[in-house]
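Following the hints, put chains E and W in place on chain Y, whose structure we already have.
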Amino acid sequence: MSQKAFKILAYTPLIYTLIAFYTPLLLMLVESVSGKRGAAVYTDVLTNINYLKVVSYSGYIALLTTFITFLIALPIAYYLAFIASERLKLNLLIAFNVPLLVNLLLRTYALLNILMMLNIAGTFQGLMIGMIYQYFPLMLLPIYSSFERINHALIEAAETLGARPKEQFLKVILPLGLPGIVSGATLVSLTAFTDFVTPAMLGGIHGYTLGYLIWDLFLKYRNWETGSALAFIITLVAVAVSTIYTKWGVKIEA
Amino acid sequence: MKKGLELRLEGVVKKFENVVALDGVDLKVEGGELFAILGPSGCGKTTLLRIVAGLTAPDEGRVYIGGRDVTKTPAYERPVSMVFQNLALFPHLSVYKNIAFGMELRGLDESTMERRVSEVMELVRLPYSEFAHRRINQLSGGQQQRVAIARALAKDPEILLMDEPFSHLDYKVKLELIDELRRLQRELRLTTIYVTHDQNDAMMLADRLAVMNNGRVLQIGTPMEVYSNPASPFVASFLGEANILRLEASEGYARLDGLLIPVSEEGEIMIAIRPEHIKIGQAESGDQVSVEGIVEDRVFMGPLAKIVVRVGNQKLKVYSESRIIQRIRVGEAVQLHWSTAEMKVYKPEK
Amino acid sequence: MKLKPLLACFTALVLAFMYAPLAVLIAQSFNTSKYIGVWKGFTLEWYFRLTGDYEVLEATFNGLAVATLSALISTLLGGIAGYYFSRYSRSGVADSLLYVPIVIPEIVEAVSLLMLYVALNVELGFWTVLIGHIAYNISYSYLAIKPQFEMTPHSLEEAAINLGATPIEAFLKVLLPLATPGIISSVLITFSMSFDDFVKTLFTTGPGFKTLPLVIWIRAARARATPELNALASIMVAISLLSSYIYTRYLLEAKKEK
Numbered sequence: 001m002s003q004k005a006f007k008i009l010a011y012t013p014l015i016y017t018l019i020a021f022y023t024p025l026l027l028m029l030v031e032s033v034s035g036k037r038g039a040a041v042y043t044d045v046l047t048n049i050n051y052l053k054v055v056s057y058s059g060y061i062a063l064l065t066t067f068i069t070f071l072i073a074l075p076i077a078y079y080l081a082f083i084a085s086e087r088l089k090l091n092l093l094i095a096f097n098v099p100l101l102v103n104l105l106l107r108t109y110a111l112l113n114i115l116m117m118l119n120i121a122g123t124f125q126g127l128m129i130g131m132i133y134q135y136f137p138l139m140l141l142p143i144y145s146s147f148e149r150i151n152h153a154l155i156e157a158a159e160t161l162g163a164r165p166k167e168q169f170l171k172v173i174l175p176l177g178l179p180g181i182v183s184g185a186t187l188v189s190l191t192a193f194t195d196f197v198t199p200a201m202l203g204g205i206h207g208y209t210l211g212y213l214i215w216d217l218f219l220k221y222r223n224w225e226t227g228s229a230l231a232f233i234i235t236l237v238a239v240a241v242s243t244i245y246t247k248w249g250v251k252i253e254a
Numbered sequence: 001m002k003k004g005l006e007l008r009l010e011g012v013v014k015k016f017e018n019v020v021a022l023d024g025v026d027l028k029v030e031g032g033e034l035f036a037i038l039g040p041s042g043c044g045k046t047t048l049l050r051i052v053a054g055l056t057a058p059d060e061g062r063v064y065i066g067g068r069d070v071t072k073t074p075a076y077e078r079p080v081s082m083v084f085q086n087l088a089l090f091p092h093l094s095v096y097k098n099i100a101f102g103m104e105l106r107g108l109d110e111s112t113m114e115r116r117v118s119e120v121m122e123l124v125r126l127p128y129s130e131f132a133h134r135r136i137n138q139l140s141g142g143q144q145q146r147v148a149i150a151r152a153l154a155k156d157p158e159i160l161l162m163d164e165p166f167s168h169l170d171y172k173v174k175l176e177l178i179d180e181l182r183r184l185q186r187e188l189r190l191t192t193i194y195v196t197h198d199q200n201d202a203m204m205l206a207d208r209l210a211v212m213n214n215g216r217v218l219q220i221g222t223p224m225e226v227y228s229n230p231a232s233p234f235v236a237s238f239l240g241e242a243n244i245l246r247l248e249a250s251e252g253y254a255r256l257d258g259l260l261i262p263v264s265e266e267g268e269i270m271i272a273i274r275p276e277h278i279k280i281g282q283a284e285s286g287d288q289v290s291v292e293g294i295v296e297d298r299v300f301m302g303p304l305a306k307i308v309v310r311v312g313n314q315k316l317k318v319y320s321e322s323r324i325i326q327r328i329r330v331g332e333a334v335q336l337h338w339s340t341a342e343m344k345v346y347k348p349e350k
Numbered sequence: 001m002k003l004k005p006l007l008a009c010f011t012a013l014v015l016a017f018m019y020a021p022l023a024v025l026i027a028q029s030f031n032t033s034k035y036i037g038v039w040k041g042f043t044l045e046w047y048f049r050l051t052g053d054y055e056v057l058e059a060t061f062n063g064l065a066v067a068t069l070s071a072l073i074s075t076l077l078g079g080i081a082g083y084y085f086s087r088y089s090r091s092g093v094a095d096s097l098l099y100v101p102i103v104i105p106e107i108v109e110a111v112s113l114l115m116l117y118v119a120l121n122v123e124l125g126f127w128t129v130l131i132g133h134i135a136y137n138i139s140y141s142y143l144a145i146k147p148q149f150e151m152t153p154h155s156l157e158e159a160a161i162n163l164g165a166t167p168i169e170a171f172l173k174v175l176l177p178l179a180t181p182g183i184i185s186s187v188l189i190t191f192s193m194s195f196d197d198f199v200k201t202l203f204t205t206g207p208g209f210k211t212l213p214l215v216i217w218i219r220a221a222r223a224r225a226t227p228e229l230n231a232l233a234s235i236m237v238a239i240s241l242l243s244s245y246i247y248t249r250y251l252l253e254a255k256k257e258k
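Chains as they are written, first to last, in the working numbering: chain Y, 1 to 254; chain E, 1 to 350; chain W, 1 to 258.
These are computed hints drawn from the structure, not numbers from a lab. Some hints here could point you the wrong way.
These stretches of chain E come out as covered by chain Y in the derived footprint (C-beta under 8 Å, 3 or more residues) [unchecked claim]:
hint : stretch
1    : 88-94
2    : 99-111
Quick list of the computed label-pair ranges, beta carbon to beta carbon [to be verified]:
hint : chain 1 : residue 1 : chain 2 : residue 2 : range
3    : Y       : TYR60     : E       : GLU60     : 56 to 62 Å
4    : Y       : LEU90     : E       : ARG298    : 54 to 60 Å
5    : E       : VAL173    : Y       : LEU90     : 38 to 44 Å
6    : W       : GLU158    : Y       : VAL237    : 43 to 49 Å
7    : W       : LYS4      : E       : PRO127    : 41 to 47 Å
8    : Y       : LEU90     : E       : HIS277    : 54 to 60 Å
9    : Y       : LEU90     : E       : PRO127    : 46 to 52 Å
10   : E       : ASN214    : Y       : PHE6      : 57 to 63 Å
11   : W       : PRO177    : Y       : TRP248    : 44 to 50 Å
The structure displayed is predicted, hence computed values, not measured ones. We treat Cβ as the ideally placed atom computed from N, Cα and C, and that holds for glycine.
Excised from the complex, chain Y in its bound form (with noise of 0.2 Å):
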């Protein structure tokens, strides 16, 4: 093959994305601006009292989701790097990770009958038990892996010069895994804060996220200029935030 052929078969997946991916976001932004209100739907959604409601309590419930799971997953992580055995420690990661492997879908309907079994189904601490089901695990792995990467030497060297296990923790393995849990709480915190799915099918009118908006913004109310804008908006902050993460997350390391 010429190499010629050969670099126009590499660019394709580009060309492809292009195509695919961005043409679509432009057309998004070209569609929001398309309405009699022009480039203004933009102030129109950021002061629109009840969108702000909207996104504000889908914000809320991503960051007690990412507080929570956080809460659970750092002990198992630290169990899971430094205290189980390595035969221990393979079986628990897949035990963890094979929920994950069952379509989406059918592990929401899974936590909707058993919610429903409990009496919770439709309030908000049916749809939290929901969220932290849902997200646990994108949580525990990132903060176990910069756990498993610590060097034990360096908290054996600290217990040598006087840190009980205690502070070996609070000294060491936190701030050392401090990547891993950033990483962990970005991706669950972006994720749970446009989530579809796990809210509208667990959390009756309390549900009501900001994904839901959007979803009835485009299918119930045929809004789609504001529709687009909303998710422009929103395309806006996941990015700013993983580029913004990126690029501290590359300092910490350095």
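Structure of chains E and W alone, referenced to chain Y:
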């Protein structure tokens, strides 16, 4: 001046799964002594060090520091500091914070810590103003090594443990640091235990040393004592070089491939003779063993040189001055002799 | 250490929490009663009903078709790009461009794709769904395979060429086999993401083309008891468990050989 505490190990046994790492070790290190533990990889020396540090608990036996039984005391309560093989410097902390780590845990005030850190940095010849606030990854190997030692000293320990600390350094840097360690240790009179597989390190540094193999201590003594009177063929060949011959002895002589060696033992024996004790040329007086052989190889080693001489089925390593060996060609026949007094005779190990 | 048993207990509890909903579902799939919490007896009825449930079977088939094609195509394209940018060119721009699709919220992608199709006036169905999936999957594939190539030192290919291999042979016999873990990862990830996909599929599909997640959504939204779904879920859980077991054994065997 204050001396470091003495260390005593009694009957220490440690097993990992099916492997016996330490098979009943008894050891006493005097206060203020620089004691080396020498042995090949896997002999148990690192395990021993970790037991003294408190990072690993022995299955049997006791550890005494300064006469006090510390076997059950956790590592963070022992007056012991350790310099790790891979240094284990905290990558997320500056040089200052690394060295001050132990002091910060004890809640000392800022000025005391600063004073101690600069004291200790001076001891390891690392200028405070230049290095205190640098990051670890900005330092060279030798500089990092000094920080690791400074950090261990900042705690003001009674016993300093070092696990093959210089093994990854450039040769010249290592020699420099070994000299400095000697100076430091003499000045502070800190009990120091230095674990290594490098016999030269051990011989250069130690007041006394122990040779270990397979979880057992084979011999303890000053480097000179152990070198001149190795307790077994293994020790003879581990500390310094040795030619080991297996022979049958009867009626006052051991025979092997034309070698006739006067010995007082009978039966199967092993003889160790160091390369520097084999002389080239005719035997001078009666009490000598004399052989002839063919030179198979010639190696230049700086001030000394080595030839490998084939005698029958045996190969003997011979050291001599370079200028003498320069005149000998490979393939030549050569006369060798040595004194029976320099020979060590052993019964074979079971 | 008092901490150890406490942590072990906690881990066990959380693990139980993770499997409880699945366990209940599986148990329920054998329950004669349609209603949860009431056990009326053991039955395989729902499994039989499942085999006759045309809608579910068709949806599963559709999902498998899309997922397989999406996995193969995106792995191929992403892999070639990964190879190219790890060896022949600086990858900064490509990396950034291909990174963005992963970061964007799903619903935004779904919605924007819909706009593309509307603007082009295409009929929604199998192809629109597939195209959308591939757009997203290529990024994952690229990110899974490129590091694999980067990790393989150039000296290996050079050694092969030195020994007489043509560049193509060097690629096929040295580089490709070493990149296999990344390729397998890519196929697995893209396949399961495609098969599982809901939001994008929902927005880009047309009447008559449904995948499994869509069917589940529709039925669950009606909140009517759907015991066949329980049977389906149980089968899928069994498949997941089995495949992770096999995959891990494969990993362990590979480790042992090292």
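Evaluation of the provided hints:
1. For a cut-off of 8 Å, the count of residues in the stretch 88-94 of chain E with a CB near a CB of chain Y stands at 5, and the three-residue condition holds.
2. Residue count for the stretch 99-111 of chain E with a Cβ under 8 Å from a Cβ of chain Y: 4. That meets the three needed, and the coverage hint holds.
3. The hint said 56 to 62 Å for the Cβ distance between TYR60 of chain Y and GLU60 of chain E, and at roughly 59 Å that hint holds.
4. In this structure the supplied range 54 to 60 Å holds for LEU90 of chain Y paired with ARG298 of chain E, their Cβ-Cβ distance being about 55 Å.
5. Take VAL173 of chain E and LEU90 of chain Y: their Cβ atoms lie about 41 Å apart, and the range 38 to 44 Å holds.
6. Taking the beta carbon of each, GLU158 of chain W and VAL237 of chain Y are about 46 Å apart, inside 43 to 49 Å as hinted.
7. Between LYS4 of chain W and PRO127 of chain E the beta carbon distance is about 45 Å. The supplied range of 41 to 47 Å therefore holds.
8. The supplied range of 54 to 60 Å is met by LEU90 of chain Y and HIS277 of chain E, whose beta-carbon atoms lie about 57 Å from each other.
9. With their beta carbons about 48 Å apart, LEU90 of chain Y and PRO127 of chain E fall inside the hinted range of 46 to 52 Å.
10. Taken as a hint, the range 57 to 63 Å holds for the pair ASN214 of chain E and PHE6 of chain Y, whose Cβ atoms sit roughly 59 Å apart.
11. The beta-carbon spacing between PRO177 of chain W and TRP248 of chain Y, approximately 37 Å, falls outside the hinted interval of 44 to 50 Å.
Hint violations for this structure: number 11 only, all remaining hints satisfied.
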